[in-house]
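Chains as they are written, first to last, in the numbering used here: chain H, 1 to 402; chain F, 1 to 402.
These aren't lab readings, by the way, just hints derived from the structure by calculation. Computed from a predicted model, the values in this text were never measured in an experiment. Certain hints may be false.
Claimed, not checked - Under the rule of at most 25 Å between Cα atoms (straight-line distance), these lysine to any residue pairs were calculated in the SDA-like manner:
1) Lys-55(H) with Ala-16(F)
2) Lys-112(F) with Arg-220(F)
3) Lys-55(H) with Arg-220(F)
4) Lys-331(H) with Pro-310(H)
5) Lys-45(F) with Asp-56(H)
To be verified - Anything over 12 Å on all C-beta distances counts as not near chain H; from chain F, calculated:
6) Lys-45
7) Ser-54
8) Lys-55
9) Glu-65
10) Arg-120
11) Arg-220
12) Arg-323
13) Gln-332
14) Ala-357
15) Glu-371
Even glycine gets a Cβ: it sits at the ideal position worked out from N, Cα and C.
Residues per chain, in single letters:
Protein chains: 2
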Amino acid sequence: MSLVVQKFGGTSVGDADRIRAVADHVARTKRGGRDVVVVVSAMGKTTDDLIRLSKDVSDTQPPREMDMLLTSGERISMALLCMALSDLGVPALSFTGSQAGIITDTDHTKAKILEIKPDRLVEAIAAGIVPVVAGFQGVSTSRDITTLGRGGSDTTAVALAATLGADVCEIYTDVSGVFTADPRVVPSAHKIPQISFEEMLELAASGGRVLALRSVEFARNFHVPLHVRSSFTWEPGTWVKEEDSTMEQPVVSAISHDTSEAKVTVRHVPDQPGVAARIFTAVAAAGVNVDMIVQNTSVEGYTDISFTVPRTDLSHSLEAASRIADEVGAKQVLADDKIGRVSLVGAGMKSHPGVTAKMFGTLAKEGINIEMISTSAIRISCVVRQEMVEPAVVALHTAFEL
Amino acid sequence: MSLVVQKFGGTSVGDADRIRAVADHVARTKRGGRDVVVVVSAMGKTTDDLIRLSKDVSDTQPPREMDMLLTSGERISMALLCMALSDLGVPALSFTGSQAGIITDTDHTKAKILEIKPDRLVEAIAAGIVPVVAGFQGVSTSRDITTLGRGGSDTTAVALAATLGADVCEIYTDVSGVFTADPRVVPSAHKIPQISFEEMLELAASGGRVLALRSVEFARNFHVPLHVRSSFTWEPGTWVKEEDSTMEQPVVSAISHDTSEAKVTVRHVPDQPGVAARIFTAVAAAGVNVDMIVQNTSVEGYTDISFTVPRTDLSHSLEAASRIADEVGAKQVLADDKIGRVSLVGAGMKSHPGVTAKMFGTLAKEGINIEMISTSAIRISCVVRQEMVEPAVVALHTAFEL
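Bound-form chain H, shown alone (with noise of 0.2 Å):
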């Protein structure tokens, strides 16, 4: 019989109503005649709620606590499914990351996926029930529970998936599927029906909020197709998966936006071996995430290094950039935190090399400056001030006929 995982966010299942309306749809599918797992998230702001009450009550929070604390939530919401599951005489059992065999490393609040032992979850699916398990939550080696950070219950929805060689994996979300830029931008923005892994990885990593990086980075990996879709509407989303070379690609498919991060630009850096490597390594140090990162040709001996980071970390950023241009003595450290980035995605741009040109063109175009470049094989971003985003993003879908 074929194996559906079907996982459900927080808006999904974010009151009385919404749980039994993801029920229905369960068991629709359940008898429609397939297997199903489904993977759920806490209740709409549960975690916000819980991160909330932590802060007051102490200081410290130890990651080990936060993680016993936020689990709780998935436990709310996967019980109450079953119960609704049960009420539509569908047989449904809730499994804690821990019982549906999810073993995870010792990193708290962000443990990675060591092994997934999924022997009670492949029995209950024999046994004809539908197994509820609990997404963004594991068990260490350690035998302490864990958490799998941002995005956590994608990742679970898709190892699941590779694990119990699924189908598919349902991403049910507040959203239609993924759009060729962001509707509340672009009101002419439509869906995309199909997009590969490479460049659902270039969206996700370039502000697209749809689906996290790590959960798609899993799903290509382990050949897990993909389909995000809406819960409030049941309609065909977008399906993910592997790039289908019999189809003609379009040069861009889609066009990304991210205004979350901050520039850091250390000025007038000696030009030589080991500069570079001794300021990431001091950011990294500091927990900081960098994204972007640009150094220009040198002159006379010394070069300008930019990077960009959340606007989160910026502090953090700069303390730690400017120790070490202390150290290597460059002139300045400068921080912007009124940047924004679009990004053009695309596989068929690997053909096309005239797609960069026409980007700097149309910004050009609207008077907007780029201030930052980075390219990869399909992707094509641009950092610029912060309130040219939008109308970057406008122009950019007009232009590329999306």
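Take the given structure of chain H and dock chain F to it, following the hints.
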């Protein structure tokens, strides 16, 4: 080193301030040179809120899923308490029922503890860590999460104290101990410094709300001294322990009352062997816990059988009793939900036969009619009209000079 188990109920950990106050107290105990194991309930009304939510979602509420749902409550309170202890520099680790090795049978929502495998707790204590254990929950022999039912957190605390060989199990609550009567009814009621397990059992069984019956039974069986005290004033409370033969026992220790029951009377029952057994087998099969049973001497081959049950179980009880009444040819089944019960409890009663007469005389003087009587070696209970319960308690408290 001496070991104390400290159990904190829902009001004791009701909000962020209360959790920090509890952490202070645990830290003081630990710094005073004693090892501490903490057991916590869910915060305040969390459990009630979750039950309400489950009713919004589902009509069937499968017991296994109710257990999964409700056990999220203690995870929240124990993780927060560990964070607050960490703020105070006291190393603490939270443990779910499963992690604490509390193995139960598979009777969901009212599981019994079969065994405790406290390896992780022992390890933590040896390392100078305060284990904070989720009350009320365990893991079944089929690896499912279970709850221990009403008063389950007290049971967890006493069971851990017995297993770990603790010197005392301290039960912190929102009252300062066990009183000679309910202070809301008798303002002059006072705290009892020490009471025997047997008396406490009778008090718990006859309406005293401070300790759950089951945890007192457990403490008596395993010789674990209890200390019931307030987490608001932290003053010494009531010790519950083996009867101390060197001390003179007061004749009457306390007066308890209960207005949560209803009475069922099966009238004109043929006085034949096996009839009572059939009635109470049917009532038990309906899942109802019968409390008092009174059968009068038969007149002309017929008798009346009355019994009390929790008022919430009245309709199930009536249904079961009526079915058997028809089968055995009894005349009538009557229900009365306007009753209440008043009980005198005291170890000294055993050797003071005049207590019963004095109790009945006191009630008669107040014009209070006695509808049912039930006695044990150290308790006398009378069923009276519900509105006469409070006057009865007040009159008896005065008559027995408590």
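We went through each hint and held it up to the structure:
1. Lys-55(H) with Ala-16(F): holds (9 Å)
2. Lys-112(F) with Arg-220(F): Holds. Lys-112(F) to Arg-220(F) sits at ~17 Å (cutoff 25 Å).
3. Lys-55(H) with Arg-220(F): Distance ~41 Å between Lys-55(H) and Arg-220(F) Cα, so the pair is violated.
4. Lys-331(H) with Pro-310(H): Holds, at roughly 24 Å.
5. Lys-45(F) with Asp-56(H): holds (18 Å)
6. Lys-45: holds (14 Å)
7. Ser-54: violated (6 Å)
8. Lys-55: violated (9 Å)
9. Glu-65: The claim is violated: Glu-65(F) sits with its nearest Cβ about 4 Å from chain H, within 12 Å.
10. Arg-120: Non-interface label fails for Arg-120(F): nearest chain H Cβ at 8 Å, not farther than 12 Å.
11. Arg-220: About 33 Å separates Arg-220(F) from the closest Cβ of chain H, which puts it past 12 Å; holds.
12. Arg-323: The claim holds: Arg-323(F) sits with its nearest Cβ about 28 Å from chain H, beyond 12 Å.
13. Gln-332: holds (39 Å)
14. Ala-357: Correct as stated: the minimum Cβ-Cβ distance to chain H is 55 Å, above 12 Å.
15. Glu-371: Non-interface label stands for Glu-371(F): nearest chain H Cβ at 41 Å, farther than 12 Å.
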